[in-house]
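**Student:** Listed here are the chains, written in short residue letters.
4 protein chains.
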Amino acid sequence: MPKEKQLRSDIAWSTPEQIGVMGYDLADELIGKIDFGDMTFLILTGRLPEPRESHMFNALLVVSVEHGITPSAIATRMTFAGAPESLQGAVAAGLLGLGTVFNGTTEGAAKMLMAALPDPKAEVPLDELAGRIVSERKSKKRSIPGIGHPIHKPIDPRAARLFAIAETNGFSGKYVQLMKLIQQEAEKAFDKVLPMNSTGAKAAICCEMGLPANITRGLGVISRAVGLVGHILEESRDPMALEIWHRVDDEASQHSRGQLRKKGGTK
Amino acid sequence: MPKEKQLRSDIAWSTPEQIGVMGYDLADELIGKIDFGDMTFLILTGRLPEPRESHMFNALLVVSVEHGITPSAIATRMTFAGAPESLQGAVAAGLLGLGTVFNGTTEGAAKMLMAALPDPKAEVPLDELAGRIVSERKSKKRSIPGIGHPIHKPIDPRAARLFAIAETNGFSGKYVQLMKLIQQEAEKAFDKVLPMNSTGAKAAICCEMGLPANITRGLGVISRAVGLVGHILEESRDPMALEIWHRVDDEASQHSRGQLRKKGGTK
Amino acid sequence: MPKEKQLRSDIAWSTPEQIGVMGYDLADELIGKIDFGDMTFLILTGRLPEPRESHMFNALLVVSVEHGITPSAIATRMTFAGAPESLQGAVAAGLLGLGTVFNGTTEGAAKMLMAALPDPKAEVPLDELAGRIVSERKSKKRSIPGIGHPIHKPIDPRAARLFAIAETNGFSGKYVQLMKLIQQEAEKAFDKVLPMNSTGAKAAICCEMGLPANITRGLGVISRAVGLVGHILEESRDPMALEIWHRVDDEASQHSRGQLRKKGGTK
Amino acid sequence: MPKEKQLRSDIAWSTPEQIGVMGYDLADELIGKIDFGDMTFLILTGRLPEPRESHMFNALLVVSVEHGITPSAIATRMTFAGAPESLQGAVAAGLLGLGTVFNGTTEGAAKMLMAALPDPKAEVPLDELAGRIVSERKSKKRSIPGIGHPIHKPIDPRAARLFAIAETNGFSGKYVQLMKLIQQEAEKAFDKVLPMNSTGAKAAICCEMGLPANITRGLGVISRAVGLVGHILEESRDPMALEIWHRVDDEASQHSRGQLRKKGGTK
Chain A
1079 MPKEKQLRSD
1089 IAWSTPEQIG
1099 VMGYDLADEL
1109 IGKIDFGDMT
1119 FLILTGRLPE
1129 PRESHMFNAL
1139 LVVSVEHGIT
1149 PSAIATRMTF
1159 AGAPESLQGA
1169 VAAGLLGLGT
1179 VFNGTTEGAA
1189 KMLMAALPDP
1199 KAEVPLDELA
1209 GRIVSERKSK
1219 KRSIPGIGHP
1229 IHKPIDPRAA
1239 RLFAIAETNG
1249 FSGKYVQLMK
1259 LIQQEAEKAF
1269 DKVLPMNSTG
1279 AKAAICCEMG
1289 LPANITRGLG
1299 VISRAVGLVG
1309 HILEESRDPM
1319 ALEIWHRVDD
1329 EASQHSRGQL
1339 RKKGGTK
Chain B
1079 MPKEKQLRSD
1089 IAWSTPEQIG
1099 VMGYDLADEL
1109 IGKIDFGDMT
1119 FLILTGRLPE
1129 PRESHMFNAL
1139 LVVSVEHGIT
1149 PSAIATRMTF
1159 AGAPESLQGA
1169 VAAGLLGLGT
1179 VFNGTTEGAA
1189 KMLMAALPDP
1199 KAEVPLDELA
1209 GRIVSERKSK
1219 KRSIPGIGHP
1229 IHKPIDPRAA
1239 RLFAIAETNG
1249 FSGKYVQLMK
1259 LIQQEAEKAF
1269 DKVLPMNSTG
1279 AKAAICCEMG
1289 LPANITRGLG
1299 VISRAVGLVG
1309 HILEESRDPM
1319 ALEIWHRVDD
1329 EASQHSRGQL
1339 RKKGGTK
Chain C
1079 MPKEKQLRSD
1089 IAWSTPEQIG
1099 VMGYDLADEL
1109 IGKIDFGDMT
1119 FLILTGRLPE
1129 PRESHMFNAL
1139 LVVSVEHGIT
1149 PSAIATRMTF
1159 AGAPESLQGA
1169 VAAGLLGLGT
1179 VFNGTTEGAA
1189 KMLMAALPDP
1199 KAEVPLDELA
1209 GRIVSERKSK
1219 KRSIPGIGHP
1229 IHKPIDPRAA
1239 RLFAIAETNG
1249 FSGKYVQLMK
1259 LIQQEAEKAF
1269 DKVLPMNSTG
1279 AKAAICCEMG
1289 LPANITRGLG
1299 VISRAVGLVG
1309 HILEESRDPM
1319 ALEIWHRVDD
1329 EASQHSRGQL
1339 RKKGGTK
Chain D
1079 MPKEKQLRSD
1089 IAWSTPEQIG
1099 VMGYDLADEL
1109 IGKIDFGDMT
1119 FLILTGRLPE
1129 PRESHMFNAL
1139 LVVSVEHGIT
1149 PSAIATRMTF
1159 AGAPESLQGA
1169 VAAGLLGLGT
1179 VFNGTTEGAA
1189 KMLMAALPDP
1199 KAEVPLDELA
1209 GRIVSERKSK
1219 KRSIPGIGHP
1229 IHKPIDPRAA
1239 RLFAIAETNG
1249 FSGKYVQLMK
1259 LIQQEAEKAF
1269 DKVLPMNSTG
1279 AKAAICCEMG
1289 LPANITRGLG
1299 VISRAVGLVG
1309 HILEESRDPM
1319 ALEIWHRVDD
1329 EASQHSRGQL
1339 RKKGGTK
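Protein chains in written order, with my numbering: chain A, 1079 to 1345; chain B, 1079 to 1345; chain C, 1079 to 1345; chain D, 1079 to 1345.
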């Protein structure tokens, strides 16, 4: 390799007496002084939040911690059953499912909103914008991230609550308005109930807070790590993994059990 | 399979109008009402913390978020370089290194303290207990979890700070005292500076709070998930993974480069 | 940091014209010249196998590729359902469950055999040795790795087949004999049918081949990676993950659904 | 949930006496009868390979086993340093980096070839097709998967070898020809040396063999699992992870070490 690039990280450093994190003295200025939500804000944005940001950001973290028995929780429990000595492996297995289908929709919705409204101060007719987004996606048969829910109809209670907190804290600007208009336009265009889901609300509020779209995906991963540890603790007290395994294996192989390609099953 | 075991989880449920988490209405009672640290406490213990518990628990979470460039952070950055589309995979890769060597010591220290003092109300001479723990481990050449640090001498500033917060909040009982005595006995027995590290302080305080030992390991995983997302954000702005790769590859293969088993290198 | 340690790896190197792997020219001496099983042997042992080693080693790899719907396969399918864009993440999730409960037993059995018989040439009465191992483990209530199976009774067909191949290829020495004696002693001591399982056969044969115990665990991981890719391909054609999710979620939360701590569910 | 979907898997089943895998009796027809490469072919395609397919497929697996110290290998070694008790976690960490940047290019190249030539029997002027693919990608500033290499110039020895084996075994049809023409057109269009790399050769040959594009990505994951176990074995004998860590940490934090936001660094 020719000339070397300097390695550099500005996140943290240590000396014998001190540890610096994002420019603060960890022991004297952070531990016991700020809560875990604000620490997360500091790590992801490089600065401490104002009180209204702290309130909003903690709400965004709390909303995604727990969804009950999800595919992610099942993956964590199955992994824990095989490797109970490796709690970190069971959490990792659950996080790996937070891809495009579930967790990615927040990022997708945030990107959709930012692409439509790069400058939140620009004077743009938002209803027209919403109409155009919906009709374009409909004609291309692309889904609209942030709306629709199989259970929570006509409204996802988490979305309503997040928007109320955003209102109180001054984060209910054009992105929130645009997301709401998109939801209304979509219901008209598809002629069915398509509730705003928590993903859509999170995405719009992240845009209001000036958080980049790739952070939104990180938020989901962080929140779910908490929930998955909770599932491991419950699984260790009251397991369900092996029971699920036996039921699934029994049913799934009943069609083919005992059947081989050739008569007699051996050569 | 004979008769089936009922599957049951008491963590969360959904109806069209409501989502319950640990017996609370997620939208009405948790989002915007409690911070992320308290939500974590609720998930891991099944109840909301008292104010002194909340202060202490948030401190325990904040302390382990960030340690700078660790093996874990390098694994995350290497993974992100190969699969930037999968943020969750890069976080998972970093978490997988939180095993016995680094993260496991908190659990080890907590188990050591709980085994030595199963009932924190029992009247036991703690100095004798500490002496016995150290001499037993020394004679069996087993390490003592929670003490010793390569950089932070004579004292780890995080440990000092955690103990001060424990004192203020009424979590400075027999487990903290025992951990401190073990550290003193170990310095005498091994005749060298062996500072209390953050791991030892965390473990003793978890015991004081009545948190089971397996939760301590989960705390480290949760905290580090935050830090690793921070490393991904920095890596995406100012990468170091490929530079590290090229340097290591160059140096590591220089001994053998060009050498084959047979003359000419082909058959 | 004081003086640096030289980084060194002897696995592979590249020049513009050549790639060396374990001392062989990858393009000229390995690709198209050796099969995948022999390549695996080369990577794990540093040399190419003799024909009898190749036959035996390929059998050891083939035996563990596929066990149908296992907890591991379910974890992979759940992860794929959430992140279908990340095949590597779904495989990784499945591998993470190959811990002490399932995969670790091969390593445990190999270590048990090697500890009992460090020198396979020593003249030792194997039946006494087997008796001692079983009675010691029984009195300490420790399980005996490599024996017992919930379905395959009185004999695991994979174990029988592996032992037959070992016989043919000259790998049926003292470790195999000892493992068989342990199984017989265990059936007597516990007074029930305890078949030799595939794990016990694999472990004994690895000892015969001179493979270190930590390699045995790697073999299982490699074999299962193949099986898990097969499950992903089937899941992408004929999915079951979401159906399992819905069934489990429905049943597991039915006890608590709709129940909150306080009357009315809000403050 | 309304009516249930039947769970079904046709990969494997067990009865007390037999284990069926892809319609074969595992013990009687597969273990000891087929090698690991053919077992992999069976799992991924549902049938046993013909001899020429076996030769070609084993070559495709062998080619990607080992690339020396890659980002993936570094992630595995870092993870093993922190969690040596969890070999499966260290392998999983390394596999997680096999995403779009490295491993995904094989799939990308295979999809490019299949999209351009859906029916390999159709009479199409391949040189025109290649020219169109290159000029379209160039005008859209999209990269061309399968060509270019930082080290192996003017030709990647693995690609040359794979094509020779394809020729011998009758897998050197239109896809291979098209891939070669694309490489030539690209060198002309970009006016620089752009060697066919192993990824391009693998992709073209997978198309010739009729393997679907998503299988190509699985092949890379399977091969690398072998290589990563090799790195773990070397790391356990002759470690480099901690040395890399200390060097990187030292250099990366030297800019900011000791610097806090406020004078004095404390409140």
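Hints were generated in silico from the structure; no laboratory data involved.
Quick caveat: nothing in here was measured; it's all calculated off a predicted structure.
All residues carry an ideal CB built from backbone N, CA and C; glycine is no exception.
A hint or two may mislead.
Below, a list of computed lysine to any residue pairs in the SDA-like style, where the Cα atoms sit at most 20 Å apart [stated by the list, open to error]:
1) LYS1216(B) to GLN1262(B)
2) LYS1083(C) to LYS1216(B)
3) LYS1189(D) to LYS1083(C)
4) LYS1258(B) to GLU1206(B)
Only part of the chain C face toward chain D is listed, based on derived beta-carbon distances under 10 Å [as the list claims (entries may be wrong)]:
5) ASP1088
6) GLY1146
7) PRO1198
8) GLU1201
9) PRO1203
**Student:** Each hint needs a verdict: does it hold in this structure or not?
**Tutor:** Hint check results:
no. : hint                     : result
1   : LYS1216(B) to GLN1262(B) : 14 Å, holds
2   : LYS1083(C) to LYS1216(B) : 29 Å, violated
3   : LYS1189(D) to LYS1083(C) : 45 Å, violated
4   : LYS1258(B) to GLU1206(B) : 13 Å, holds
5   : ASP1088                  : 7 Å, holds
6   : GLY1146                  : 4 Å, holds
7   : PRO1198                  : 22 Å, violated
8   : GLU1201                  : 31 Å, violated
9   : PRO1203                  : 31 Å, violated
Violated hints, in rising order: 2, 3, 7, 8, 9; the structure is consistent with all others.
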